[in-house]
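Q: Residues per chain, in single letters:
There are 2 protein chains.
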Amino acid sequence: MSEALRTDLYQLTMMQAYWKSGHDPEATFDYFVRKIPSGSYLVTAGLSYVLDYIENLRFEDDDIEYLRTQGFDAEFLKHLRNFRFTGDILAMPEGSIAFPLEPIIRVTAPIMEAQLIETFLLNKMNFSTLIATKASRVVYAARGRSIAEFGLRRAQGDGHLEATRATYIGGCASTSNVLAGKKLGIPVSGTMAHSFVTSFDHEIESYRAYAEAFPKKCFLLIDTYNSIEGAKKAVIVGKELEKRGEKLMGVRLDSGDLAELSKHVRRILDDAGLGYVKIVASGDLNEWKIDELVNKGARIDLFGVGTELVTGRPTPALDGIYKLSDVVQHSRHMPKMKLSDDTIKATLPGKKRVWRIVEKGKFIKDVISLDEEHIYDALPLLEKIVEKGKVICNMPSLEEIRNNAGKNLSNLPDIYKKLDGAPVYPVEFSRELVELRERIIEKIRMEELS
Amino acid sequence: MSEALRTDLYQLTMMQAYWKSGHDPEATFDYFVRKIPSGSYLVTAGLSYVLDYIENLRFEDDDIEYLRTQGFDAEFLKHLRNFRFTGDILAMPEGSIAFPLEPIIRVTAPIMEAQLIETFLLNKMNFSTLIATKASRVVYAARGRSIAEFGLRRAQGDGHLEATRATYIGGCASTSNVLAGKKLGIPVSGTMAHSFVTSFDHEIESYRAYAEAFPKKCFLLIDTYNSIEGAKKAVIVGKELEKRGEKLMGVRLDSGDLAELSKHVRRILDDAGLGYVKIVASGDLNEWKIDELVNKGARIDLFGVGTELVTGRPTPALDGIYKLSDVVQHSRHMPKMKLSDDTIKATLPGKKRVWRIVEKGKFIKDVISLDEEHIYDALPLLEKIVEKGKVICNMPSLEEIRNNAGKNLSNLPDIYKKLDGAPVYPVEFSRELVELRERIIEKIRMEELS
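Read top to bottom, the protein sequences are chains H and R.
In this text, residue positions in the first sequence follow my numbering: the first is 11, and each later residue adds one.
In this text, residue positions in the second sequence follow my numbering: the first is 11, and each later residue adds one.
Hints were generated in silico from the structure; no laboratory data involved.
Here the structure is a predicted model, which means the values were calculated and not measured.
There could be a bad hint or two in this list.
Copies of one chain are not kept apart here, so a pair can be met inside one copy or by any two copies together.
Computed list of lysine-lysine pairs in PhoX-like fashion (alpha-carbon distance at most 20 Å, straight line) [what the hints assert, rightly or not]: (1) K45 - K427; (2) K30 - K227; (3) K427 - K253; (4) K192 - K88.
Between the sequences and the hints, there should be enough to build the whole structure, so can you do that?
A: As structure tokens, this is what we get:
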């Protein structure tokens with residue numbers, strides 16, 4: 011299905027206005043983020059969706075028919091019927107580390123085309139990048155313990171698959187979401203629900219029934235009535251499994267003081283000779299709570315994280331934006347910027363590139379330059395992925411993207427991964443960019459504000 | 011497409027355990043919310059999705075094949091191949107007002123069936139109810155001014171359509187999301203972007219191009235460089251439109267001090283004889299900011315609200331849960347509840363109903379009773395909508411659902427709609443329910459905790 015109408019109405023009205031006025035210059039837009047919700051860096055994600063979209067972007071008959079009912083011009087709609095994206099796109103590969111103001115994607119195309127794709131690009135990139143970044147923080151907080159994503163029931167509706175995909179890119183080990191397992195090949199994991207326990211006359215009967223069905227993959231939920239009593243019953247069932255030559259895999263805590271309970275349950279298991287049984291913990295966890303649990307010496311082997319991971323709580327949206335930076339008119343580049351009454355909303359003019367200085371495998375600082383500049387001893391971060399409307403890069407697999415993110419995260423110095431109070435990573439503007447910005451601000455002041 | 015695998019893995023492992031142990035009693039689950047994120051009430055939404063799902067729920071060959079690769083039992087998978095939902099569902103109609111702990115949906119079915127549907131039901135109901143409730147607050151804060159939903163670019167990926175649908179149920183007047191217009195029939199609206207303005211050599215040229223393309227539906231964005239200067243240019247173009255017998259419809263502010271700017275811009279427009287031109291405002295708005303703007307006497311006719319509306323920020327997930335309340339064994343009802351180390355996580359046992367006392371068209375209080383009770387002079391809120399797996403209610407249209415929500419909201423006394431500090435709406439438990447709860451807690455203490 012084409013997603014051409016997955017856009018804001020104003021993209022289409024602006025397109026009609028561009029078309030009617032014969033104003034369709036080549037334009038360059040940058041996708042970038044002004045402010046990072048928590049922490050100092052972003053793990054970029056969502057680019058695969060953008061590439062799929064670009065390749066399949068067209069208006070179907072029923073799209074055109076709908077637009078006709080909304081009063082669009084018949085000639086303009088004829089033009090839309092043959093619409094294709096024909097521009098160039100540079101982007102940081104999916105799974106990159108990015109910082110505020112850096113162009114993550116740079117689109118150059120006739121302005122009607124570049125304008126239309128804004129909304130889809132923002133919708134996909136903002137959400138996937140938000141969640142991949144969040145996941146990387148949760149994984150970092152767990153210091154080597156695994157994170158299982160359990161968020162489907164609290165995910166924002168149909169966004170669940172993208173959410174799960176992004177948590178995997180950010181470093182989560184598995185998901186409870188079976189559809190994500192089937193469609194994306196992500197490992198699936200799960201234990202049991204309280205209803206399973208309460209549906210039986212006695213808690214221990216429920217444990218036996220589960221152990222019978224999954225003797226090799228048995229995790230028992232122990233907090234339905236009382237976690238300590240549950241742990242004691244899990245020991246009984248664990249011993250019964252041993253007699254059959256099997257091993258209980260784990261128990262799950264889902265409420266109460268997880269640090270204290272996990273230590274107590276660990277002792278109960280160890281005292282019974284069940285040192286091999288893992289302890290899983292869940293219950294409204296996030297990076298800060300996990301960090302605190304680890305600091306308190308909680309004996310937890312695996313964390314199940316749901317709501318916060320898939321919604322990005324406390325900040326459920328990334329303020330990524332897509333801003334015009336250059337227009338070519340009469341074969342001349344006209345760098346563009348928004349000034350705004352709020353300084354923070356001003357943008358960087360001109361076609362730009364992003365460079366990274368890396369020393370001994372560690373990221374030191376980035377530089378945003380104009381397109382024609384070359385920053386020596388620095389890695390260019392933007393790669394050309396679409397040329398004249400065709401995707402020219404290899405589409406990496408999800409595993410490759412996840413590995414790329416993991417490698418990049420390991421190259422980012424730990425100081426920038428601090429959950430709170432991480433310093434700002436240095437992102438410099440080249441002198442040419444600074445000078446251009448000053449010239450454009452002056453030009454706007456002269457021409458528009460006097 | 012069947013959504014059978016849109017579930018948590020543990021639902022399927024529990025199903026296999028139920029199936030292997032021959033434990034498949036009739037079970038009743040309640041969907042309810044423990045805590046409302048902001049405010050004192052919920053506007054329920056999402057039920058239409060649940061009904062579609064129930065009617066189409068089956069495991070396709072490729073679903074079964076995927077589960078086989080995950081180690082499920084071959085005989086169990088044969089059983090799944092013929093799986094259908096055969097139970098009964100009672101629910102509050104979509105667009106109802108609900109309060110914490112009240113069953114919004116009550117599912118009674120063989121436990122394997124009732125268990126499987128949990129995740130989908132939670133995913134859909136939690137999100138749509140969250141957003142419809144949020145929207146109703148934003149609409150209330152605007153006191154009669156229209157709310158246009160502009161959230162697509164910040165929506166959580168593919169959740170955007172459900173988000174837009176829920177904002178419409180909650181009372182928003184329109185959306186920028188063209189796909190929602192096409193698929194759901196929601197009115198679409200939009201203005202122009204900063205890029206449209208900056209792409210031209212001069213701001214006023216962009217206004218003229220837009221007015222030329224949309225002489226009857228012309229909204230001009232005036233804050234790209236400076237809102238006051240933008241307003242003056244909008245006046246020029248408004249006058250040019252008048253000469254052609256047309257009227258400028260509106261101007262949009264998107265940054266700065268919206269209260270002060272709107273008053274200043276109103277004066278500029280009025281002084282020029284353009285008293286008919288509307289002022290639209292946008293820019294990270296929410297119910298609190300709109301309330302403040304209205305209190306400050308801002309001259310804003312229409313608010314565009316994006317991020318907060320479609321993500322529910324600051325609380326992007328509703329903690330709605332689905333808990334086992336009753337099991338029939340040997341033809342006897344066995345009421346069930348979760349006790350938990352956290353008292354807040356304990357649940358209400360038994361098959362239940364919800365009643366509402368209404369006086370002079372206003373909601374006074376609700377009562378949660380056991381199924382067999384009748385509360386006199388009260389309206390029953392749960393209606394049977396699925397019987398033996400078949401949907402038996404008429405599926406209301408989106409307009410009907412929106413009207414239902416609007417009617418219910420007008421019957422809810424205003425005191426409960428206060429943005430902050432609204433009192434708790436009285437929800438009582440019948441004496442029989444209280445007594446049952448005490449008996450079950452005592453039984454659990456005796457049997458599981460000693």
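Q: Tell me the hint numbers this structure goes against, listed in increasing order.
A: 3
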